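2 protein chains.
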Amino acid sequence: MSLRIPGPTPCPDEVLKIMSRQMIGHRGKEFAELVHRVTLGTKEIFQTNGDVFVLSSSGTGGMEAAVVNTMSPGDKVLSLSIGVFGDRFATIAERYGADVMRLRFEWGKAVDLDDVKKALDADSSIKVVLVTHNETSTGVTNDMEAIAALIREYDKLILVDAISSLGCIDFPVDKWGCDVVVTGSQKGWMIPPGLAMVSVSDRAWKAHAEAKMPRFYWDFTATKKSTDKDQTPWTPAVSLFYALDVAIGLLLKEGLQNIFTRHARIGQKTRDGVKSLGLSLFADEKYASNTVTAIKSPDGVDANDIRAMMLKDYGITLAGGQQALAGKIFRIGHLGNVCEADIDDVIIKLREVMPKFGHKIPS
Amino acid sequence: MSLRIPGPTPCPDEVLKIMSRQMIGHRGKEFAELVHRVTLGTKEIFQTNGDVFVLSSSGTGGMEAAVVNTMSPGDKVLSLSIGVFGDRFATIAERYGADVMRLRFEWGKAVDLDDVKKALDADSSIKVVLVTHNETSTGVTNDMEAIAALIREYDKLILVDAISSLGCIDFPVDKWGCDVVVTGSQKGWMIPPGLAMVSVSDRAWKAHAEAKMPRFYWDFTATKKSTDKDQTPWTPAVSLFYALDVAIGLLLKEGLQNIFTRHARIGQKTRDGVKSLGLSLFADEKYASNTVTAIKSPDGVDANDIRAMMLKDYGITLAGGQQALAGKIFRIGHLGNVCEADIDDVIIKLREVMPKFGHKIPS
Numbered sequence: 001m002s003l004r005i006p007g008p009t010p011c012p013d014e015v016l017k018i019m020s021r022q023m024i025g026h027r028g029k030e031f032a033e034l035v036h037r038v039t040l041g042t043k044e045i046f047q048t049n050g051d052v053f054v055l056s057s058s059g060t061g062g063m064e065a066a067v068v069n070t071m072s073p074g075d076k077v078l079s080l081s082i083g084v085f086g087d088r089f090a091t092i093a094e095r096y097g098a099d100v101m102r103l104r105f106e107w108g109k110a111v112d113l114d115d116v117k118k119a120l121d122a123d124s125s126i127k128v129v130l131v132t133h134n135e136t137s138t139g140v141t142n143d144m145e146a147i148a149a150l151i152r153e154y155d156k157l158i159l160v161d162a163i164s165s166l167g168c169i170d171f172p173v174d175k176w177g178c179d180v181v182v183t184g185s186q187k188g189w190m191i192p193p194g195l196a197m198v199s200v201s202d203r204a205w206k207a208h209a210e211a212k213m214p215r216f217y218w219d220f221t222a223t224k225k226s227t228d229k230d231q232t233p234w235t236p237a238v239s240l241f242y243a244l245d246v247a248i249g250l251l252l253k254e255g256l257q258n259i260f261t262r263h264a265r266i267g268q269k270t271r272d273g274v275k276s277l278g279l280s281l282f283a284d285e286k287y288a289s290n291t292v293t294a295i296k297s298p299d300g301v302d303a304n305d306i307r308a309m310m311l312k313d314y315g316i317t318l319a320g321g322q323q324a325l326a327g328k329i330f331r332i333g334h335l336g337n338v339c340e341a342d343i344d345d346v347i348i349k350l351r352e353v354m355p356k357f358g359h360k361i362p363s
Numbered sequence: 001m002s003l004r005i006p007g008p009t010p011c012p013d014e015v016l017k018i019m020s021r022q023m024i025g026h027r028g029k030e031f032a033e034l035v036h037r038v039t040l041g042t043k044e045i046f047q048t049n050g051d052v053f054v055l056s057s058s059g060t061g062g063m064e065a066a067v068v069n070t071m072s073p074g075d076k077v078l079s080l081s082i083g084v085f086g087d088r089f090a091t092i093a094e095r096y097g098a099d100v101m102r103l104r105f106e107w108g109k110a111v112d113l114d115d116v117k118k119a120l121d122a123d124s125s126i127k128v129v130l131v132t133h134n135e136t137s138t139g140v141t142n143d144m145e146a147i148a149a150l151i152r153e154y155d156k157l158i159l160v161d162a163i164s165s166l167g168c169i170d171f172p173v174d175k176w177g178c179d180v181v182v183t184g185s186q187k188g189w190m191i192p193p194g195l196a197m198v199s200v201s202d203r204a205w206k207a208h209a210e211a212k213m214p215r216f217y218w219d220f221t222a223t224k225k226s227t228d229k230d231q232t233p234w235t236p237a238v239s240l241f242y243a244l245d246v247a248i249g250l251l252l253k254e255g256l257q258n259i260f261t262r263h264a265r266i267g268q269k270t271r272d273g274v275k276s277l278g279l280s281l282f283a284d285e286k287y288a289s290n291t292v293t294a295i296k297s298p299d300g301v302d303a304n305d306i307r308a309m310m311l312k313d314y315g316i317t318l319a320g321g322q323q324a325l326a327g328k329i330f331r332i333g334h335l336g337n338v339c340e341a342d343i344d345d346v347i348i349k350l351r352e353v354m355p356k357f358g359h360k361i362p363s
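In order, the protein sequence lines correspond to chains A and B.
The first sequence: position 147 = 147 (the working numbering), numbered continuously.
The second sequence: position 106 = 106 (the working numbering), numbered continuously.
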C-alpha cells in the first residue's frame, strides 16, 4: 500500500510508534517541557523569532485563526487565489464580515505580480492580503518572496496559507516579512492530521489588538498566555504533540536545507516521470510545486478511473481533482516522508495502467 | 504511573495500538466506512436518532460550535453555571455577541430549579439556555433530566456541555429533549484528546437556519453535508478516528447500562474512600459526580503540595483546583477506562501521604 496524496502523508515508523504512547497529564511538568520543545522546534522550521502556536485542529482551523485574530468586520481584504484553497481563505474572511476583493488567477497559473500591484494601487483602503504559498488543488507554488516584498512596499498585513509547503519548500517567514503563516501537521511535518501551526509577527500582534472579529477557541491572546507558560489554553491533542516532538527531531536532524533540496529533486523527478509517459502537467511548469503534481487526464478519460485502477491493482492511492477539476486531473503527493523510490514506483505503475485507458506511452 | 485526572483519561491497550496505524486517504472508501461506523456508534452512545458530528478539536471547540451554529448576535441567553466550565460556556456566547444572563450557583452546588424557573418567568425573550451536565471543576452533576424538562416547558433551546459525563453517566439525549449536546474524546470515550462530538436536534436545526453568528470551521451545514456522505468537511484527525472506532466497539461491548453502573459504583467507592480518610468532599454529596471527585484540602495545607507528593512518591497524577479553587482542592478522575483497583490504589496512597501534612486519619 502506498499513500501518494498531498496529505495526510505517510508517517515515519518513529512517529507511528510514539502515537501509541499512553496519556499523561496535559497540565503537568512533562507535558510543559514537551510544549516548550515543540514550540522552539516549530519556530526553527518556520525560520521565525516571532510567536508560533500549535492549535488542535486541522489546517483550515489555522486559516480561520489567522483571519479572526487580525481583522474586524468591514476590513478591506485583497484575496490572491489560484485555486480551491485560495478561494477557501477568502470565504473564511467573508464569513466573518470582511470586505473581500477576490483577485482570482487561472487555475494552474501562479499569482501575477502586476495584477497585485494594480489592485493595491487601485484601493488604498486594503488592510490585509491573503495568499496561498502552495496551492494543493493545482500543484502551483507562488513566488512568495516576490509577492511578500511587493505587499510589504504597500505596508499591508500578509496572511499566508503554507499548509502544503512549510517544512518542504523554503519559506523564511521573518526574512520575507509574512505576518501570519499557517501550516498543518499532516503535510511536511510527517505526522497525522489534527494540528495546525501558526506564526504571528509583531505587525500581526498590532493588528490583533484592534481586531474585532469574534473568537474564543482560536484566540491568540489566550493562546499566547498559555504558550508563554508552556501550556495550551484548551486540552491539546496530546498524542499529536508527542508525534510532533519526534517529527521535529527527524526534520532538524535531516536539516532544513537538505529537506528543501530533497523536495526539489523529487518534485522534478515526478514531473520528468509524468512527462516521460506522454502525460501533461496541469500546472505552469515555471511555478510547478515541489510537494504535489497535478496531471491532466487524457481526453475522454475520467481521472478518477485511473485513480481507481491504481488503487485496486497496485494499492497506490492518488488524489483526485477538486471542484471544477474533478475527473479532469489526478494528483501525486510528494511531500514529507518521501523518497525517490516512492516516485519510481508510481511512474512504473502508471506506465502499466495508462495504456489500459487507450493512452499511448512514448517509446 | 497512574493518571487519575478527569481527562485525558488512560487509554485501553486496544486504543493505543490502533493509534500507531499508518495513514490512509481521508477521501477514500475505507475511511468513509469508518466515518459511517463511528457516526452510528456515536449516535448510539448519545442515545439519539438525530445528527451527530465528530469535530477535530478539543471539547471547547465543540462548545463554540454549539453556540455559533444556533444563535445570532443579540440573542438572549440564560447561562446556568456551577463552575469554571459553565462560566466558559457563557463567555463563548458573549464573545460572539449573545446577550447572556449569567445565573451562577455556589461552586460545589448544583443548579437550583426554582432559580431557573424564576429567571425564565422573568424574561420571556430568552431563546437559549446553556447548561453543564457534569461540572469537571467542582465534581457536581446537575439533574439534567429535571432541568431539561423545565426548560422544555418554556420551549427554549437547550445546549449542554456533557464533556465529562457523556458515555459515563446516563444521558438519553432525545428522551430528555436536549438540542445540542457536546462531549470530548479524552473522557468517557477512552481515547486521546482531539475530537469533540456534538448532537444536533431538529429544533437545533431550525435555530441553525436563522443563526447569524459567523462560522466556517464549525459550520454544521458544511459538516452535515460531508457527514451525510460519510466524510468530514476538513481533513480529520485520522488516528483519533481509528481510535474512536475501536473505543466505540469496547463501549458497546460492555453495554451502556453496565458502563453507567460501573461509574456509579466507582464514584461511590471514591467518595467512601475519601471520607474514610477523614477528608471532606467539596461537592454537595446529593449531586456528587460519578466521574470526578473534588476533595477539600485540610486547613492550612496547599492541595498542590499533596498532589506533588502523590506524584513524586507514588507516580499518581491527581488534578488540582482551578481558578478560585487553586490550592484549595484536589480532584480524582474516575471516568472512562477505570476500575475499582485504580481507586483502591489512590486511597491507599493518600492514607500514607496525608499524615505527612499533619492530617489525622480516623482509626
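Don't take each hint at face value.
Remember, identical chains collapse to one label, so a pair may be satisfied in a single copy or spanning two.
As the list claims (entries may be wrong) - Listed below are the simulated DSS-like cross-link pairs for lysine-lysine, each with C-alpha atoms no more than 27 Å apart in a straight line:
(1) K29 to K296
(2) K175 to K360
(3) K17 to K349
(4) K356 to K29
(5) K212 to K127
(6) K356 to K253
(7) K17 to K109
(8) K43 to K109
(9) K127 to K312
(10) K29 to K328
(11) K275 to K118
(12) K43 to K296
Note that these hints are calculated values from the structure, not bench results.
These numbers were taken from a predicted model, which means no experiment stands behind them.
Hints, verified against the model:
1. Only between protomers do K29 and K296 lie at most 27 Å apart by alpha-carbon distance; the minimum there is 23 Å, versus 52 Å within a single protomer.
2. Proximity of K175 to K360 under the C-alpha cut-off of 27 Å is found in neither arrangement, the shortest distances being 47 Å within a copy and 63 Å between copies.
3. In the homo-oligomer, the alpha carbons of K17 and K349 never lie at most 27 Å apart, since the shortest distance is 30 Å inside one protomer and 32 Å across protomers.
4. For a Cα distance limit of 27 Å, the shortest separation of K356 from K29 across copies, 23 Å, qualifies, whereas the shortest one inside one copy, 59 Å, does not.
5. Taking the closest pair of Cα atoms, K212 and K127 come within 27 Å of each other both inside a single copy (14 Å) and across two copies (25 Å).
6. For the identical chains of this complex, K356 and K253 are neighbours neither inside a copy (43 Å) nor across copies (47 Å), given an alpha-carbon limit of 27 Å.
7. Taking the closest pair of Cα atoms, K17 and K109 never come within 27 Å of each other, the shortest separation being 40 Å inside a single copy and 44 Å across copies.
8. Within a single copy, K43 and K109 get their C-alpha atoms no closer than 30 Å, and across copies no closer than 45 Å, so neither meets the 27 Å cut-off.
9. Taking the closest pair of Cα atoms, K127 and K312 never come within 27 Å of each other, the shortest separation being 49 Å inside a single copy and 53 Å across copies.
10. In this homomeric assembly, K29 and K328 come within 27 Å of each other (Cα to Cα) only across copies, at 20 Å, whereas the closest approach inside a single copy is 52 Å.
11. Taking identical chains as interchangeable, the C-alpha atoms of K275 and K118 are never at most 27 Å apart, the minima being 36 Å within one chain and 75 Å between chains.
12. In this homomeric assembly, K43 and K296 never come within 27 Å of each other (Cα to Cα): the closest approach is 37 Å inside a single copy and 42 Å across copies.
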